[in-house]
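**Student:** What follows is each chain in one-letter form.
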Amino acid sequence: MWVSPRARDIPGRSQYMRKTAAEDTRGVTLTRREFVLGALATIFAGKCVLASERNAFKLVQITVGGLKPLRDDMTIALPQEVRFRTAVYTRLDRLVLPLASNEVLEYPFLVLLGSGSFPPLLPIEKDHLSAFFNAGGFLLVDNVGEGGGNVVFDNWLREELKKVLPGLSLSKVPKEHVIFRTFYKIDVPVGRFARYPYLEGITMGKRLCVVYSRNDLTGAMARDPFGKWVFETVPGGPAQREKAIRLAVNIVLYALLLDYKDEHTHLEYLLKKKVPGE
Amino acid sequence: MEASLRFAYHSPFSWIIVLAVTLFAVTFFVIKLRSISSLRQKIYLGLLRFSSIAIVFVVFLNPTITMQEVELIKPTVLVLVDASSSTRIKTDRNNTVENMIRRFFQKNGAYFEELEKTRDVRYFAFGGNIVRITRDQILSSDMPELGSTDILHATKMALVGVDSLGGAIIITDTFHENLGKSLEQIGALLSEPILVLLADATPAPPYIAITKIKGDAFLLSRNSGEIVVSIFALVTEKMDITVALGVDGKKKLSKIVQVSPDQKDYSVTFPIFFDSSGRHFVEVRTFTGTREFSKAYKIVEVARDNIRVIHIAGAPSWDVRFLREYLRSRSDVETISFYILIDTFEDLMPSEQETVLIPFPVESFWSRNLYTSDLLVLQDYKGELDPTDRMMTAHVEAFVRNGGGLLIISGDSAPCAVPLLGQFADFLPVSGAEICDRNLVDGEWALRVPENEKDNMIVSRNHLALRLEKAPTISSLLPVEKVSEGAVVLVEGVERGKSFPVLVVKEYLRGRIGMILTDTLWRLSFNQDSRDIYADLLDGILGYLTKDPRFMPIVVKTSKDRLEPYEEARFRVLHDPYVKGLEAKIYFLDKNGEFEEVSRIDVAKDEFTFVGREHGLYRIELEGVMGGKKVRGEECFVVGHSMEEMVVANEDLSRIVVSLRNKGPIVQRLEQASLEHFKPKKEVKKVGGARSKTPIGLGFVNLLGILLLLSLEWFVEWKVLRREQATKEI
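So the sequence lines, in the order shown, correspond to chains G and A.
So that you can map any letter, position 65 of the first sequence is 65 in the working numbering, and since no number is skipped, the others follow by simple counting.
So that you can map any letter, position 365 of the second sequence is 365 in the working numbering, and since no number is skipped, the others follow by simple counting.
Just chain G, same shape as in the assembly (with noise of 0.2 Å):
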């Protein structure tokens, strides 16, 4: 295994090595109100910090035609688990930005959850979209309706992809590709639900630059003000909330990584094709 001995001092970090893998136990999570005043007490300090805040992973959420954020009530665990399992460093706190403002376009990773029916895209919006995937942009788009509301969401979905990335259309990821072994070995995709075994994305060039999710992901990572999960993931209970969290924590590793993993494949052909004195 290839770790790196290195203990890092970050703050809550402490209090994360206390959590064991039980589903139940109380994690922590800063709030936005506490990450806040931890950043303002940075500010005062001298504005020094541990590590850029752009470089580091944040979780983005953005919303379209002026509608009400998803979720917003909830803290969706991702760059925790994402922290806490891997040596990525994140940024604890949620960012939400309507996709018409122009700060999206800072941002690498955006994630959209949807349910139900949406309005179709502003031209800023498609705008933004289109600028965002040609610089290299990663879109989680998460499916968290339930029934009808799923349907409508997944419809309205398609059709717009089709106009920000015409030629280009959401299509099953093979179960070999490497996003799903990025850090985890990954068989079926889950979230929350387990209706559909696979995940969907659109490619362009050689990276996946989309991946959709109609299980709820998020939802299976989504936790209340007291640190509880929210939503029982059905029907593989914990173990299935432990693969959904893998699934997340994968997808993250590899919009930062794309295809590193692949790259291992020939590393020892790579090595051993020159080497002096052989």
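Don't take each hint at face value.
[Unchecked claim] FRET-style restraints, in silico, Cβ to Cβ:
no., chain 1, residue 1, chain 2, residue 2, range
1, A, D532, G, P119, 32 to 42 Å
2, G, V96, A, D529, 19 to 29 Å
3, A, R550, G, E146, 53 to 63 Å
4, G, E103, A, K630, 43 to 53 Å
In case anyone wonders, no lab produced these hints; they're calculated from the structure.
Cβ atoms here follow ideal geometry from the backbone N, Cα and C, with glycine treated the same way.
With chain G fixed as given, assemble chain A onto it according to the hints.
**Tutor:** Just chain A now, kept in the frame of chain G:
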């Protein structure tokens, strides 16, 4: 001065007319003469008439007198004396061909003295080129040491400026297979007498010569290759000789070869690894414990393979992602990445079955694989604190010291970016002390190239300096107050008038190091308008750190790897237009293995020449100034004979002489040479100077004179006839 009389052409018809008229005039006169009784008068009149007819006849023929200046010149006799490296090989009787030649001239001194009186004798020493010498130099063994033998080329060069060749004497010791062909061609070239004298240069055994050094057809940097050395050996008993290979002045390998009397040619193969592209010099020596037999140099061209980059990241991040994408976008870059994906917290470690983590081959990587790459990128990597990392820092330092490139990019772990490397004095462009206690600071920093670095090749291509000023800002920076000595700040970040270094580079011995003191440079790539700025900036950094020739401010090119002694070599200089004050220093590798300066030349018009006289390896260092800093370029070349020159025959010289007959020239053995058969051409007339033509035919004055003469003749004739008539009447 020479005079000659010429007559103009006349057609047969005009001759007929002239003869008819003459006949008529003669007949008429003879009839008239009958009337004269005195014989004396007849003779007198006859002479007058015939004289006048002759004068008319001559005038008709229209002759011309031509006066021409003529010079008598001595023909040139060329004496070409072999002064190649093989003439200094010791032969059986502890002799050398050089000595044999000197004795020949001593023995035939009177002949040459006499020849010099009647001919223009020019003496040349020849090898791969020729040098004019005197007979005294031959007699006093003060001949220049030239390189390889090329008789045909030497003959052609010696003929330059020769107006009239009387003959040539060629003295050589070379028996190689081209000798017959060369003599044939000389025979065809020259019709004058040529005498070729062959000296017996069979070396005294043991004789070991290096006859060829050959690299792989395509030697690539940071790749294994082979050097094959061919040996020629003449020995009387079996013996072990050592063949040693050195590269760029450093001993590399040696092998023992057993040579025996029944075999002459041997081949030795050395595996080789060049850690950088470009031109390298290879030295091969053959020796036993007590004696060195031969030494040879060869310049080997090592091509630049794909740039191999090893990219190690302390943690995945956007900065890592966009740098990786850039590296992967370059078709000439081969990237091997190792990203740390997990921290060790024992209770949180997933099992091997659940993840796809692979172990990092720590020991073999740092001690071997690193050296196969051109550039090591440590991004957001602080280094390990365990004992294996002591190995890492030592190898990273050695890697850079031997020509590798290192790029350190700051990040979350960067506050003490690879602190262990700071232990090496003058290693990091920014000292460990400067950065270890600092953290990344958030802000909005505009990028800018310092004014005095705008000419730097890394940031001057494609107006990069100007474009950087319009690029998006970076949002983090490690605020460093000062950089190490010798480091250059190429890009700085500016906020509210205060600036800090963002990109710093430095040379460390043979390698180069760069540091990027931000982890948000990726913002330039995550923007369609500035993505090319990001790529251009990284192109420049990569090119500089891996010594891409396009980023070398000065490149020296030579027309040949090996030059003959006394041959004028031309060198061309390619340089960045901002480089000024170019000066070339030429060094010679002396017996102690040290390079000694032998010449210094100001370079004008991007070209200079040099003539090497001593045999051996030379190195050129070209220095100039760019942006107030010294920049350099290097090249090396060999002066000496070709390796084939040292292959000597071991055959009966008489048989060789016989085989070379009928090629054109007269061929004899030097020791039995007889110069009486050599008969160079005698003095020749050289027509030159003024030439005048004086016609004595149909000119007006001539005609008038002739008319007066004729009139006088008629008058005299009339007087005589009248007197005769008067006498008769009385």
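**Student:** Confirm or reject each hint.
**Tutor:** Going through the hints against the structure:
Roughly 36 Å separates the CB atoms of D532/A and P119/G, a value that falls within the hinted 32 to 42 Å. Checked against the given bound of 19 to 29 Å, the beta carbons of V96/G and D529/A, roughly 26 Å apart, stay inside it. Restraint check, R550/A to E146/G: a C-beta distance of roughly 60 Å satisfies the suggested window 53 to 63 Å. In this structure the supplied range 43 to 53 Å holds for E103/G paired with K630/A, their Cβ-Cβ distance being about 48 Å.
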